[in-house]
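Start from chain P and add chains C, Z and S with the ligands according to the hints.
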Amino acid sequence: MSNITPQTSQNDAMRYSALSILANGLRGNRGWTPAWREPEPKAEYDVVVVGAGHGLATAYYLAKEYGLRNIAVIERSYLGSGNIGRNTTIVRSNYLLPGNVPFYELSMKLWEGLEQDLNYNAMVSQRGVINLFHSDPQRDAYARRGNAMRLHGIDAELLDVEAMRAMAPMLDFDNARFPIKGGLLQRRGGTVRHDAVVWGYGRAADARGVDIVQNCEVTGITVEAGRAVGVETNRGPIRAKKVALAVAGNSSQVAAMAGLRLPIETHVLQAFVTEGIKPFLDHVVTFGAGHFYVSQSDKGGLVFGGDLDGYNSYAQRGNLPVVEDVCEGGMALMPAIGRLRLLRSWGGLMDMSMDGSPIIDRTPVQGLYLNAGWCYGGFKATPASGLCFAHLIARDEPHPVATAYRLDRFASGRVIDEKGMGAQPNLH
Amino acid sequence: MRIRCPYCGERGLEEFTYRGDATVTRPETLDQTAEAAWVDYVYLRDNPAGPHREHWYHGAGCHAWLVVTRDVRTHEILGVELAGGPA
Amino acid sequence: MTIGTPTDQPSRLAFGGLIDRRLPLRFRFDDLELTGYAGDTLASALIANDVKLVGRSFKYHRPRGILTAGSEEPNALVELRAGPRREPNTRATTIELYDGLAADSQNRWPSLRHDLLAVNQLAAPFLGAGFYYKTFMWPAAFWEKVYEPAIRRAAGLGRAATAADPDPYEKAFAFCDVLVIGGGPAGLAAALAAGRAGARVILCDEDFLAGGRLNAERRGVGDKPAYAWAAEAVAELAAMPDVTLMPRTTVYGVYDGGTYAAIERVGDHLPVPAPHTPRQRNWKIVAKRTVLAAGAIERPIVFGGNDRPGVMLAGAVRTYLNRFAAAPGRRAVVFANNDEAAATTADLAAAGVVVAAVVDTRRDVPAATREAAKAAGALLVAEGRIVEAKGGRRGVRSALIRNRDGRDMHLACDLIAVSGGWSPTIQLTSHLGAKPMWDEARAAQLPGALPPGMAVAGAAAGDFGLGSCLAEGHAAGADAAEALGHDRSSGAAPVADDEPAGLAPYWHVKDSAGKAFVDFQNDVSVSDVALAVRDGFRIAEHLKRYTTLGMATDQGKTGNTAGMAVLAEATARPVAEVGMTTFRPPYVPVAIGAFAGHHRGKAFRPTRLAPSHAWAAERGAVFVETGNWLRAQWYPEAGETDWLESVTREVKGTRERVGVCDVSTLGKIDVQGPDAGTFLDRVYANTFSTLPVGKARYGLMLREDGFVLDDGTTARLGEEHYFMTTTTANAVKVMQHLEYCHQVIWPDLDVQMVSVTEQWAQYAIAGPKARAVVAALLDPSQDVSNEAFPYLAAGPVTVCGGVAGRLYRLSFSGELAYEIGVPARYGDALIRAIMTAGAPHGIVPYGTEALGVMRIEKGHPAGNELNGQTTAHDLGFGKLLSKKKDFIGRFMAARPALTDPGRTTLVGVKPVEPGARLRGGAHFVPRDATVSSENDQGYLTSVAFSPELGHWIGLGFLANGPERYGEVIRAADPLRSADVMVEVCAPCFIDPEGARLRV
Amino acid sequence: MSETLTARPALAGIALPGRHGTGNGAPGVTLRERTDLGVVAVMARKGQGEALRMAVASAYRATLPDTARYLAGQTVGFVGTGPGQWLAVSASLGGGALAVDLTAKLAGLASVSDQGDGRAVIRIAGPRARDVLAKGLPIDLHPSVFAPGSAATSIISLMGVTLWQVDETPAYDLVVFRSLAVSFWSWLTDSAAEYGYEVVPATN
Ligand SMILES: Cc1cc2nc3c(=O)[nH]c(=O)nc-3n(C[C@H](O)[C@H](O)[C@H](O)COP(=O)(O)OP(=O)(O)OC[C@H]3O[C@@H](n4cnc5c(N)ncnc54)[C@H](O)[C@@H]3O)c2cc1C
Ligand SMILES: NC(=O)c1ccc[n+]([C@@H]2O[C@H](COP(=O)([O-])OP(=O)(O)OC[C@H]3O[C@@H](n4cnc5c(N)ncnc54)[C@H](O)[C@@H]3O)[C@@H](O)[C@H]2O)c1
Ligand SMILES: Cc1cc2nc3c(=O)[nH]c(=O)nc-3n(C[C@H](O)[C@H](O)[C@H](O)COP(=O)(O)O)c2cc1C
Ligand SMILES: [Zn+2]
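Residue numbers (numbering that gives the first Met the number 0), protein chains in the order written: chain P, 0 to 427; chain C, 0 to 86; chain Z, 0 to 998; chain S, 0 to 203.
FYI, nobody ran anything at the bench for these hints, they're computed from the structure. Wrong hints could be hidden among the right ones.
Unchecked claim - With a cut-off of at most 27 Å between alpha-carbon atoms, the simulated DSS-like pairs for lysine-lysine come out as follows:
| id | chain 1 | residue 1 | chain 2 | residue 2 |
| --- | --- | --- | --- | --- |
| 1 | Z | K909 | Z | K651 |
| 2 | Z | K694 | Z | K882 |
| 3 | P | K41 | P | K63 |
| 4 | S | K45 | Z | K884 |
| 5 | Z | K694 | Z | K732 |
| 6 | Z | K694 | Z | K389 |
| 7 | P | K418 | Z | K732 |
| 8 | Z | K732 | S | K104 |
| 9 | P | K277 | P | K63 |
| 10 | Z | K144 | P | K108 |
| 11 | P | K180 | Z | K601 |
| 12 | Z | K389 | Z | K514 |
| 13 | Z | K514 | P | K277 |
| 14 | P | K108 | P | K63 |
| 15 | Z | K373 | Z | K389 |
| 16 | Z | K878 | Z | K694 |
| 17 | Z | K389 | Z | K287 |
| 18 | S | K104 | S | K45 |
| 19 | Z | K732 | Z | K509 |
| 20 | P | K63 | P | K240 |
| 21 | Z | K651 | P | K277 |
Since the structure is predicted, the reported quantities are computational estimates derived from the model, not experimental observations.
One chain only, chain P, in its complex shape (with noise of 0.2 Å):
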């Protein structure tokens, strides 16, 4: 999308910036007002958008981008209360296939405009996100993937061990049970403070008159003559003329308020942070011979994950095995990290889809649009996600760089299985 410009936000008096703070702090900060309102929901909206994560995005995106004035967002818990305030942050565009690729990218660069955009400052550092190999094949995996990239003219570079040892001076290059051979780098990739990228998109659909409901748990589709005319919820029931789902982890609990049955399994993922520290790791680092990856938070604590815990779960925390296992892989990787201590981890419902791959499309129900299927990697996506998705409950067609998302592909066999691993959710 071309056209997104910085935009001041209807609401100038509340601006962000240096000076509101200075001007506000010289009056003991008592001039501040909330970055979105807490309205009671309406009875009727063109488009009622039920979850607060993409949802935020796709509901700015309609009333920016398409004109849209009359949305709603409906989230059962609060704010960013989803995946999207519980990830590891990392966003970068280092796809492999097509289907993929420009939309990964599209949403890098929405990342590189988003805090003008939103006037949040959602700390965006673009900081590098290095995978490494150990192994030749795995070289040769990474060459194809970063060629792939260069292909769509995105940033790409294969390192060598030297340049490695010469970035991450701290990763196990002399007694590492799998050695380090190198790494894939995009330099535009990084990391995003989650929960900013929640509040700038809520403060910004909020001032281009989004009614943000919290609390607000959807429990029932209204389908009349094969068309979602709205919702039931724990709040009333509320009116729309189109229904868009955004609800990873509750995906197919949702869908089938409709009768819809998705190519979806629910997975717990954890994460995990450390104590605070000094400054220690400068890129994001992904283990290639184990499930271990991590940056460092702005406030000092490595933020790291690994893999799913591999079984179907509603619970939103995890198991030991995989504390363990993403531990191991921390210490083979950076064995100084022996004696920092593990904080605290947490757990997020993952909307697993067959393929690893996501879902922007309609769906059999007329006026009923689904976006899910993000798997773990949904964060990197938000504002792209949230674009396409207006997109398509707009104008009723796909987004250009979102043709590929479409539920059929299962079907007909055209799935976009970056891991090659078949239609076995937590392998992916």
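Below, chains C, Z and S with the ligands without anything else, positioned relative to chain P:
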């Protein structure tokens, strides 16, 4: 999580491998009319938030495939059987 | 008692305490060389030495002292030890003193006393909650280059070590009937009751000395001093055969199925761990029942300057006085909303500390407090509050106290003992997801739904009286034992009086002067909460994330309750409605090394060694990791400097004479039974039931979604006996798949299977001289002529004087070749025998590289081609898919998308310039097209230098591949700036008719 | 070639006899590679469970356990490793002899597959054997639940293992995959070092 393998007794998660929904059954026909059934079998899942019948493999134990009924909201295990029935 | 007899420990009490004055220990803190005693923590030793300033806060770098005496400490964090053993953010309150201990303060520059970043305090009005979300947006590029590095340097507390942790860690498993978490009065009583009833009990306490508050209070149990009763209880438990006491062990997590995670600090109280013992041991304890007796954590009242060194929790003050015989001050003010004030005042006075005033927030101050104040000669301020703790870097110098009439008085003091009541230690009850419940009467969160099998006793359950802690603990222990079938013969519960525990909620002093902190470590003040609320962050979870309240290394153990109360007040809601943020494991931060245990460095994953490993190592082979296997990659010879030189020699030697390669790592599966053939027909895409005994056949396996799973050769050794091989990488996966197919899909088939990968040492002997070598190895009268043992023959043989082996005429290299298998114990001897038998023929051993070169020359797909994204059609194996039978993947493989001629299919490529080098991962683009995604037509999977052809060759997938043989295309490699023009050809480069195999 | 091949123990050159680890008094455990055992997988044919049981009883005076147990017979013992699956072990029928014998005697009743070379067997014995194993084995070995004759198949330090208790010393036989024997030994000796251990020469 601890699963009571009918053969080995109660064992920890680290001994098992998960596969998924045990309620789907492989279609018996190769007829083109069976396409929907095949797509269902290979790709579509109920993915319930509640008791779930699922396949687990006791790979580090007796190598049995188990059907475990488990509440996926609480991870409470409600029942375990050998998938192949008694040997 | 008097303070300060030993001159080197000016605040050490002359008598009492559970320290050993006969065992002085030297230690260093920053530039101070100090002495403490055995039984001290670093914190108590610092207190005994009058050191008050121990740390700096996270954001404002404010001076901080010691607040608590336990693992909940937010302020007194130090870097312990040095070099690769440096441990940042270590709580001085939990560090057991040892001789030679060295600790440094952190998050300050250049020194603790003179920290330049303390200027942040001046900017505090602009650095309020969430300030960075509102600024630093311009110019965009400045975030990474300027703002972020500055923020990161200022934040982050201590420094991690930069070299590998030298200490070992272990994991361990334990099982018990009853796990008791916490060894205070409730836990000891529970363990005694369960242990006496005959249950298998494990008692964990994170302290090095069991007893909990019993060691900290001047109380009695029965007719004994409380600490003495605790010691006796421990002795009784230690004598029970089925009771395990685990001191220095924190239970940090609750997981499914009664699994509890606990961290044992085995060697942390020593300068370095004892030889052959780990630094820490990470336990998984499986318990049938659990008694949580983790006590309660005292919380402060929030008031101005409440973070200054010298403001300490009242219970911690008593701990330092009574357990450690160290006086945290000389002149104290006690500030409380509850009955703790009485004991605190009395204990201070008994230790010789002047109590200037007792400030009680309650209108009706109970008699006990009045009397204690009176006895101590302290001023009693009823319904009073401390508006500000004044002082400097080195701590509190006075308290500004306001009475109920609003009149202020200024009292000099160097210690403010504060108590805002107690929060039961319920974190573990929530790890499985249950929410705690607010209890208005006790002004505390109490456990909600409990994890299966758990009971809570003592202060953790909100019962604060010693008598009831003992009784409740005893009952919980007896109940647990009884529920497991033990009889309830647990004897009588120990008895003690309940101390007064009256409390009137009082969270923060609204008319405070100066910053009043809710979360000490993260510098979250009352005004930050107010600002967050103004910005719209009114939900507890939002407040947490916006202000970082409760996100520091103490996870809000002391601060969260007050934080929620302040939020409740700011949003005019009851505390119960505000709720509480989620408790998550671990209960205390746990070293990452402990989670890894043995699995680090070379032991990260187990290593599988092939039968020829010792021999190959002797020969100086270069090894490569393939999965968990270590395989010989090539065998360098003297004078060879480059891997390509060695590999080329190995390929040539094989193709020209004969070579030998250890192929034992291939997965091998015995498939037996009357239905073995039928079973293989269903799991392979091609047919095996028709394979004659004594023959082998290539087989292709699909996944049920129609894509290729694996390939390999399977031989029929008997009517009901097949011997299947899989790729090395997929061996485990295929075994699991077969068992699934059998047990789940076709349980009615009479077929049995078992992995025999490890049973057989198997060597490929390949090359024109292979037959001669094999013949020399076999015992006489076994005919290996082409007629007697043709291509794809398979069968038993005896080798080297009667060893029962097997011979297969298979070829991956494309040469005349055999694979010879013997039981693995003979693998070492056989490779030596092969080398001897092959010597006259010039045999060369070859490694995985040469193996790879030869298979690429022959166009055989391997891992790079069997990548899970390819179909039989892509690999040119479409003909193999049987039309006569059902098999796994058949239906889905027939979908048009999987057989679309436009798909990329396997081709060979060779460089147009013969000298050009190919690289895997290049993409195919039409010759004259621009290198861009629209023209992307496939990619290069595998490359090799072919010694026979004298140039590089490659395999790859190309759109409409087979139609394009002869076409010149570009292998575009912008990543390495190494585009090469290549000619498309058939994937088999050498001997496409297979003549060599059949000679 | 007529010179016969010599067998190489899985831990040749790795398990060095002698006293190691903490202290120099009585070791906490002794460790020994058992190279004398024949180990064979026996898998019942469909519907032949009863017949198999009888054949085993008459051929070996042994009982096939229904559960994970080790039941000794006259010359051959059987360890339950899964439904319808056993490991037959024999100290007198080593090498391939046990498999040959079983194949002949159980024809039609069971599929038989030699595992004697695929596995290494290590005997651990001594007062601290349980403590050593607790550092990796996720199974309760308390005498009230695991006694002589008890057996289990499980995982230690990411490596598969089948074990059974031999006597009340306690002593256990641990059966591990041959290719992993060196890694297993490294875990085992690291874990035993705290209590002191003695390596006894391999038996054959
Ligand atoms: C631990 C972890 C680490 C991750 N790391 C990364 C990473 O580094 N990079 C990356 O790109 N991605 C990462 N991800 C994945 C990423 O977070 C998700 O893919 C992405 O946030 C999904 O966005 P979403 O909007 O679809 O879902 P969510 O943010 O989960 O939003 C869905 C919302 O729907 C709401 N909802 C559900 N049911 C209902 C209902 N009935 N009524 C109303 N509301 C409902 C939920 O409460 C939720 O707020 C990670 C995920 C996790 C858990
Ligand atoms: N008067 C009051 O208001 C008041 C308030 C609270 C407590 N108390 C007193 O405190 C005592 C409470 O007794 P109790 O037995 O309930 O608690 P306790 O505080 O005496 O003992 C708890 C023990 O649990 C340990 N522990 C905590 N969490 C742990 C974990 N995760 N893993 C391992 N160990 C852990 C601690 O180290 C401590 O030794 C009584 O003496 C009571 O009188 C009094
Ligand atoms: C990138 C990132 C960094 C985090 N850093 C911290 C941290 O420093 N301290 C902390 O207590 N929690 C941290 N958390 C975890 C949150 O406290 C919280 O556990 C997580 O957002 C999931 O929410 P829940 O635990 O409330 O379910 C972090 C989370 C994320 C996603
Ligand atoms: Zn089992």
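Now the hints, each set against the structure:
no.	hint	result
1	Z:K909 <-> Z:K651	holds (19 Å)
2	Z:K694 <-> Z:K882	holds (23 Å)
3	P:K41 <-> P:K63	holds (21 Å)
4	S:K45 <-> Z:K884	holds (24 Å)
5	Z:K694 <-> Z:K732	holds (25 Å)
6	Z:K694 <-> Z:K389	violated (93 Å)
7	P:K418 <-> Z:K732	holds (15 Å)
8	Z:K732 <-> S:K104	violated (33 Å)
9	P:K277 <-> P:K63	violated (40 Å)
10	Z:K144 <-> P:K108	holds (19 Å)
11	P:K180 <-> Z:K601	holds (16 Å)
12	Z:K389 <-> Z:K514	holds (11 Å)
13	Z:K514 <-> P:K277	holds (26 Å)
14	P:K108 <-> P:K63	holds (17 Å)
15	Z:K373 <-> Z:K389	holds (25 Å)
16	Z:K878 <-> Z:K694	holds (21 Å)
17	Z:K389 <-> Z:K287	violated (52 Å)
18	S:K104 <-> S:K45	holds (17 Å)
19	Z:K732 <-> Z:K509	violated (65 Å)
20	P:K63 <-> P:K240	holds (19 Å)
21	Z:K651 <-> P:K277	violated (56 Å)
When each numbered hint is compared with the structure, violations occur for hints 6, 8, 9, 17, 19, 21.
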